[in-house]
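Letter by letter, the chains look like this.
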Amino acid sequence: DSGVTQTPKHLITATGQRVTLRCSPRSGDLSVYWYQQSLDQGLQFLIQYYNGEERAKGNILERFSAQQFPDLHSELNLSSLELGDSALYFCASSELSGGPTDTQYFGPGTRLTVL
Amino acid sequence: GDSVTQMEGPVTLSEEAFLTINCTYTATGYPSLFWYVQYPGEGLQLLLKATKADDKGSNKGFEATYRKETTSFHLEKGSVQVSDSAVYFCALNAVSGTYKYIFGTGTRLKVLA
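Chains as they are written, first to last, in my numbering: chain Y, 18 to 132; chain U, 4 to 116.
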């Protein structure tokens, strides 16, 4: 158990809908990262938050947004969902802002299925 | 740009065989290097890491040495078990402009009894 929790575990929804994925980092970790894992694209970094502020952005679509709250939990919002958004979404956390020795610890993931 | 290249899988071995999964990287500066393992239906777990050249990371019988001269971080295990069947990801953490982790595409390992 990494100490990172994600809810829900599974999510099934329809095209055009909006969903929210939630992540609680390990105790004491200040950074939260979001990743998308699909069969054809592998593991794609989406976005990082550090202590409430956006720190780094990867291949995140404009339909997706995230935030990190004062208690350091984070939410990933996916809107206008398309079939291609079906994937595993992972959250990870690390102690610091992501320096060279900072290690990421992953949650169990949320499996999103868009029908 | 920074990148990680892993050998393609799947890799199929018999129990007690020797395992090598190749990983090479391209990065500016001095990245840290990681191996993560993903068991079926689970998230990624940190397996081992090395933060500077010639460091050897080790855990659960797995080892990898940070080779700056060959820009490699190959994963090895002397005797695999069926329970090692999983997908293994090599990753680097490089600060080049905007920080980000870069993962390889993953190598699936299947160990047969």
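Since the hints were made in silico from the structure, they are not lab data.
None of these values were measured; they are calculated from a predicted model.
Quick reminder that beta carbons are idealized off the backbone N, C-alpha and C, glycines included.
Among these hints, one or two may not hold up.
Taking lysine to aspartate or glutamate and the EDC-like style, the derived pairs with C-alpha atoms no more than 16 Å apart in a straight line are [said to hold, decoys possible]:
(1) Y:K26 <-> Y:E92
(2) U:K55 <-> U:E19
(3) U:K52 <-> Y:D119
(4) Y:K26 <-> U:E45
(5) U:K59 <-> U:E72
(6) U:K80 <-> U:E19
(7) U:K55 <-> Y:D119
(8) U:K52 <-> U:E79
(9) U:K113 <-> U:E19
If you want the footprint, here are the derived chain U segments under chain Y, 3+ residues with CB under 8 Å [to be verified]:
(10) 15 to 24
(11) 47 to 58
message: Under the constraints set out in the numbered hints, which ones does this structure not fulfil?
response: 2, 10
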